[in-house]
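Number of protein chains: 4
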Amino acid sequence: MTVALLAERFRSTRALTVALAAPLGDADATVQSMPDASPAKWHLAHTSWFFETFVLRDHRRGYRPFDPAYAYLFNSYYEAEGQRQPRHARGLLTRPTLADIQAYRAHVDGALAAALPDLPDAALALVALGIQHEQQHQELLLTDILHLFAQNPLRPALWPSVPARHAPAPPPLRWIAGRAGVVEIGHAGPGFAFDCETPRHQVLLVPHALADRPVTNGAWQDFIADGGYADARLWLSDGWAWVRANAIAAPLYWQRDGSDWLRFGLDGIGPVDPAVPVAHVSFYEADAFARWAGVRLPTEAEWESAAEGLDPASGNQLDRAGPVSPTAAAPGDGLRQMFGDVWEWTGSAYRPYPGFRPAAGAVGEYNGKFMSGQAVLRGGSCATPRGHVRASYRNFFYPHQRWQFTGVRLAKDL
Amino acid sequence: MTVALLAERFRSTRALTVALAAPLGDADATVQSMPDASPAKWHLAHTSWFFETFVLRDHRRGYRPFDPAYAYLFNSYYEAEGQRQPRHARGLLTRPTLADIQAYRAHVDGALAAALPDLPDAALALVALGIQHEQQHQELLLTDILHLFAQNPLRPALWPSVPARHAPAPPPLRWIAGRAGVVEIGHAGPGFAFDCETPRHQVLLVPHALADRPVTNGAWQDFIADGGYADARLWLSDGWAWVRANAIAAPLYWQRDGSDWLRFGLDGIGPVDPAVPVAHVSFYEADAFARWAGVRLPTEAEWESAAEGLDPASGNQLDRAGPVSPTAAAPGDGLRQMFGDVWEWTGSAYRPYPGFRPAAGAVGEYNGKFMSGQAVLRGGSCATPRGHVRASYRNFFYPHQRWQFTGVRLAKDL
Amino acid sequence: MTVALLAERFRSTRALTVALAAPLGDADATVQSMPDASPAKWHLAHTSWFFETFVLRDHRRGYRPFDPAYAYLFNSYYEAEGQRQPRHARGLLTRPTLADIQAYRAHVDGALAAALPDLPDAALALVALGIQHEQQHQELLLTDILHLFAQNPLRPALWPSVPARHAPAPPPLRWIAGRAGVVEIGHAGPGFAFDCETPRHQVLLVPHALADRPVTNGAWQDFIADGGYADARLWLSDGWAWVRANAIAAPLYWQRDGSDWLRFGLDGIGPVDPAVPVAHVSFYEADAFARWAGVRLPTEAEWESAAEGLDPASGNQLDRAGPVSPTAAAPGDGLRQMFGDVWEWTGSAYRPYPGFRPAAGAVGEYNGKFMSGQAVLRGGSCATPRGHVRASYRNFFYPHQRWQFTGVRLAKDL
Amino acid sequence: MTVALLAERFRSTRALTVALAAPLGDADATVQSMPDASPAKWHLAHTSWFFETFVLRDHRRGYRPFDPAYAYLFNSYYEAEGQRQPRHARGLLTRPTLADIQAYRAHVDGALAAALPDLPDAALALVALGIQHEQQHQELLLTDILHLFAQNPLRPALWPSVPARHAPAPPPLRWIAGRAGVVEIGHAGPGFAFDCETPRHQVLLVPHALADRPVTNGAWQDFIADGGYADARLWLSDGWAWVRANAIAAPLYWQRDGSDWLRFGLDGIGPVDPAVPVAHVSFYEADAFARWAGVRLPTEAEWESAAEGLDPASGNQLDRAGPVSPTAAAPGDGLRQMFGDVWEWTGSAYRPYPGFRPAAGAVGEYNGKFMSGQAVLRGGSCATPRGHVRASYRNFFYPHQRWQFTGVRLAKDL
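Chains as they are written, first to last, in my numbering: chain V, 1 to 414; chain H, 1001 to 1414; chain L, 2001 to 2414; chain U, 3001 to 3414.
With the rest of the complex left out, here is chain V:
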């Protein structure tokens, strides 16, 4: 990538973040609704700290930090960068204000734009990493705000809803056979990828097929109506304990409305649309649904192998500030909605690829240290910035988490 292109990517990414946060007041941007989530203001600041620390501080002689206290406030989890505000207490930081953080962003933006032409390649690579990093936080900013607003009895909408497209129910699932035998997965080549996507390596796939589209809300209603949340036999032991302890009976953000269901989204409250992919389900729910359906979740290798020929920048992804939510599958044949709409839980634990080496330096903490206890998700969602995701992209969450736009694509052995 040329420096000019990098500079433009930097500018547009930074601008989108600001646009996403534009509807938020100081309070909206400050409150933390649960330890898993972060305040919007924190996302705005942390992404700036990332550029300031790993690029400007480390590669720009004479750079003076905007505020020395921010290193403590806005470091996320980099042990190599020292002590930091505890994660669960990010929401106590009413100062600096949202306006302060906007000034911080402008300061970093200016300094980085000025520095870019002279940066060494190692620093340019960190700028590219920082852009990807900020895109991840764009998605988190949206899902964290959705979680915050869902706690409010007023159920505020981040953006006004757009008129619903009344999509017809998609035809029944069809099964698309995947490759079997030894195939290669993982990233190789010149484009950007996170360290955890490498090295490219061989895997062995059994004969299998993937569903042509994700599971819909309509199918999920069938699962509920059939007692899916009340039948222990469908659930992993940890999942059943989670269902019981938390009285789980539907996807997150669903609520009963007589005999119908409503769902809360970034555009407020509205009816559940049976034609669109279910979102906000946990790995436990995805796994139980697959068992109920008599099939299984795909492995991450099966998924990646199937996705390799598809355009990762296609589909329902985040292009601009405005209401985002999953949409119904387009008519047609073949695999649809592999990219965008909902992250798809796989049956694979998030573990290192053979020969994995974390990136050098503090950014080596980016991915590798999270390789226990989490499951891999693939394909991006409606809240993933377009251009961010790719076939080899490995997202990961704990099996009980579901405040992301997480859904299900089924698989089966052939």
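If you are wondering where the hints come from, they were derived from the structure by calculation, not from laboratory data.
Be aware that a few hints might be false.
Stated by the list, open to error - When the alpha-carbon atoms are kept at most 25 Å apart in a straight line, the in silico DMTMM-like pairs for lysine to aspartate or glutamate are as follows:
{"id": "1", "chain 1": "U", "residue 1": "Lys3412", "chain 2": "U", "residue 2": "Asp3222"}
{"id": "2", "chain 1": "V", "residue 1": "Lys412", "chain 2": "V", "residue 2": "Glu308"}
{"id": "3", "chain 1": "V", "residue 1": "Lys412", "chain 2": "U", "residue 2": "Asp3195"}
{"id": "4", "chain 1": "L", "residue 1": "Lys2412", "chain 2": "L", "residue 2": "Asp2231"}
{"id": "5", "chain 1": "H", "residue 1": "Lys1412", "chain 2": "L", "residue 2": "Asp2231"}
{"id": "6", "chain 1": "H", "residue 1": "Lys1412", "chain 2": "H", "residue 2": "Glu1308"}
{"id": "7", "chain 1": "U", "residue 1": "Lys3412", "chain 2": "U", "residue 2": "Asp3231"}
{"id": "8", "chain 1": "H", "residue 1": "Lys1412", "chain 2": "H", "residue 2": "Asp1238"}
{"id": "9", "chain 1": "V", "residue 1": "Lys412", "chain 2": "U", "residue 2": "Asp3231"}
{"id": "10", "chain 1": "L", "residue 1": "Lys2412", "chain 2": "H", "residue 2": "Glu1308"}
{"id": "11", "chain 1": "U", "residue 1": "Lys3412", "chain 2": "U", "residue 2": "Asp3238"}
{"id": "12", "chain 1": "U", "residue 1": "Lys3412", "chain 2": "V", "residue 2": "Glu365"}
{"id": "13", "chain 1": "V", "residue 1": "Lys412", "chain 2": "V", "residue 2": "Asp195"}
{"id": "14", "chain 1": "U", "residue 1": "Lys3412", "chain 2": "U", "residue 2": "Glu3308"}
{"id": "15", "chain 1": "V", "residue 1": "Lys412", "chain 2": "V", "residue 2": "Asp238"}
{"id": "16", "chain 1": "L", "residue 1": "Lys2412", "chain 2": "L", "residue 2": "Asp2238"}
{"id": "17", "chain 1": "V", "residue 1": "Lys412", "chain 2": "U", "residue 2": "Asp3226"}
{"id": "18", "chain 1": "H", "residue 1": "Lys1412", "chain 2": "L", "residue 2": "Glu2365"}
{"id": "19", "chain 1": "U", "residue 1": "Lys3412", "chain 2": "V", "residue 2": "Asp195"}
{"id": "20", "chain 1": "L", "residue 1": "Lys2412", "chain 2": "L", "residue 2": "Glu2308"}
{"id": "21", "chain 1": "V", "residue 1": "Lys412", "chain 2": "V", "residue 2": "Asp231"}
{"id": "22", "chain 1": "H", "residue 1": "Lys1412", "chain 2": "L", "residue 2": "Asp2238"}
{"id": "23", "chain 1": "U", "residue 1": "Lys3412", "chain 2": "V", "residue 2": "Glu184"}
{"id": "24", "chain 1": "L", "residue 1": "Lys2412", "chain 2": "L", "residue 2": "Asp2333"}
{"id": "25", "chain 1": "H", "residue 1": "Lys1412", "chain 2": "H", "residue 2": "Asp1226"}
{"id": "26", "chain 1": "L", "residue 1": "Lys2412", "chain 2": "L", "residue 2": "Asp2311"}
{"id": "27", "chain 1": "L", "residue 1": "Lys2412", "chain 2": "H", "residue 2": "Asp1195"}
{"id": "28", "chain 1": "L", "residue 1": "Lys2412", "chain 2": "H", "residue 2": "Glu1365"}
{"id": "29", "chain 1": "U", "residue 1": "Lys3412", "chain 2": "U", "residue 2": "Asp3195"}
{"id": "30", "chain 1": "H", "residue 1": "Lys1412", "chain 2": "H", "residue 2": "Asp1195"}
Starting from the known structure of chain V, fit chains H, L and U onto it as the hints suggest.
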């Protein structure tokens, strides 16, 4: 009180609340730093809801609430008023915004001012109660903001500090004998009092004396230096468990600075002044200190009997928005600082007086239902609005709580 | 008391403890069913440690402890005696075995019997204290075992039930006026009393009356049927929170049996007898019941004043090993069941009497350090060893606790 | 297997369980030291319930259960078998007594021995499964008792220690290259295996080597001395949080003794022997150690592929009641201690093999439902009954658990 005077009290009380909150941004006013504390915005709204509900809704025909949802959001603990936002989740309400609440306040202020001339006596009594209620929340607003800002590593000041008065260390404690035998305490007469201050009744006092002034920071430093926080024999069993579980080693908001101590206040960080009364100590600490000193805490009856002849509107109390903190005792004889500076823990459990009857209606939940597990404090603090407190005034907190301006006056048997 | 009488009291008290524990196996005697309760084996050992430490070790030259490790294992809460097994972990001590502890008891019994004739008066006073201490643990042993057995789905009985006496329902409550004005309460004189019962002092009583007998199970069923557990207005705020958090809907050990109620006791499962005093209710429940009944709980001074002329060794108290439970009031006039049957919650917080001084030495930790957060109960129960209790006796528990035989006597103002 | 051989295996397995529990008193056998552990008595009963339920009840016409209540008390986690005593509350069951359970065992033993000749093949398979099941509980019984005794300040030994063999320190680790490319793992063939070991399937191995023996206590002391427990960079994020929250600084059951280390075992307290394999380390510790050593943990496929030619009944495994603990590697070349001594953490998450199908019926809950959040261990330990384990055997625990005899074998890429 004439209606005109009541109207003026209403106006000035409402204005002081707004002035106290003036330095706060939307985020400052929204975040809840612990379940015991409430957001400033919530105080601003709840005090308005009190007038709107118990006066305008109940006594003003045709009054329409500003927003029907606010009854759920801003009811504090009135079971008779229905369901409400859980106390620990008050800080999740980023909407309505601070500006919305300011509009709410203006609406209620206007409606109440318009209604006042026509209100029946029962409603006027509720207006008077609402003013007292708002004064209580003024103090809580300050102590809750202090707690919130204390969680912030930047240690923001609500107001800039004023130059410290270097008060000389007060002379040693002197003991002022109190009345003994049967005396009367409790409220009677025409002025305002809360139901829990009544009825006036006889109590039996043993021969005793009170200290002429509260315990100072200097004396507290002696207690620390003598190992007071490490000697189980000085502590109530519950207190010792609290000390151990929370690693308590000094008053709240104190921190070591080499061999000195700093304290955090509404004016930010500064040195501990040995001449001024200690504040932010729990009942457990007060009790342990008294045992260390070989004496005891006063009973609430001893305290009230001693205070009856003194002017409750004297001393260091809250007059206007600006930094407040305890100040050193003035030279002189006799009881000083009985009113203002710090609330004084008594050894008395908060229980009903003989013949106590809660007020009628929902406001009957104001005091009586809290009569278990709490201890009585007397005399008001530097954050208590001047004019609010009186000799018979009973404040109450749990024995571990110390985020109020709570201090100690010693007593002993004669 | 002569040494010979003291020796006999020692012997018989020690023997009763062993008899109470006789039906218990090693496992029964070892398990701890909740942090508030202690294993029976621990009671057996701790009471022996008390004699061994405060009498034999401190007053018997050359005494060698049975096992030096026991000081750590069986100290309860005496900070002056050093570190100890954490209270919540007493149930992890499967060794020493029950047989080991029986040998320990025999060792201490022998050594103390041999030492008694030569002990100085201070040590004899500690023997007397140790006997009272052991009687307290006899009651706790029974209530702790009852709690343990109540956790077992098999609902084992400690002793077989005896044929129920079908007592007629007692006549309606009658009210017995008490003394008013200045009266004296507290212990004075030659007999044994705990330090917290002293000094004898004057109190001021308002005109009042006490119910002639405790509240019965039948009356409690009326309270339940009238929605008492569902009406927030009847409850202290802390009590209501406790009801909600724990789904409290009946006394402890009650369970529905169709439209009837069963209760679990030391004799196993059986029907609730409406004629007998309700037991196993918390202070919160007692207070709510009194409010529902339009009256109040007595103060401890009212109770003691009324009890002073009555025989404290009368009534339904613990005489021997065998099933114990409250029984119906005998017919007749005047105050009945003041002693025995159920401990009666008073409205008084457990705080020091004027002029209270804790006993000297480690046993000074016996009572005084518990004087916060607890309420006073009076009169002993069916599980209190006969001879243990007296009019001035102050028992104390936290307001939510109810695994003792705790009941209610009502009072009202006149 | 012939019925006669099965009967003999049944008899000897049942007898070993009884022998292992022989040193335990009723209390030892009843107390539960943590929710992860079960009382010994519960193991004794649950293994009997397994035979009673799945063989006698389901396949023996007219069989009457020993006690109908036991189905509730001693079902472990079989949802298909209905409600059960909560796992964390197994230690509250002081009744039935240890003697009752011994009678229960005898009853089931007799009934099963009588039934065996007539049982259909499906029932015989369940008897074989029950024997394997009981062997698993033999190991758990030992590790649960070890945990219980470790909580006791007296540190009781289950068995007296045997004189230590002073093994010389083993020579430095050597690396044994494994197979690479497509290999087969998983169980196939006539012998017993759990459902989760099937089906046999192909996997793809990278060029790699395994260490010739497990990591020793001596190497672990080097890790400690090098600051391994204090260096965040070595740890997975979840692992580091676990280290910090629990103040982990050494393997479980290790304690400092001046500059030396002691360890607690089934034979009581003794010095840590640097020559023997480290035990009682968590997955997090194993993973951090490997990172510190610059290598990695093996995958379960690498491990199984290497183990296939070795004798699974060799090595230091459980043969009889008596003290068991890891021992030093024998001199020699090649892979040693693959079976026995310590379970070896692999880097593989416990997930289903391709084509996995749970067993039919209630025993289908045996393995499959635990396939989330856990890691695979291989090879058995000194507490695994000889004959129980095999190359394809998959054990699994959560990454923080370490009360089993869990150790580490290193691997590396070639």
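Discussion item. Name the hints, by number, that the structure is in violation of.
Written reply: 5, 9, 10, 13, 17, 22, 29, 30
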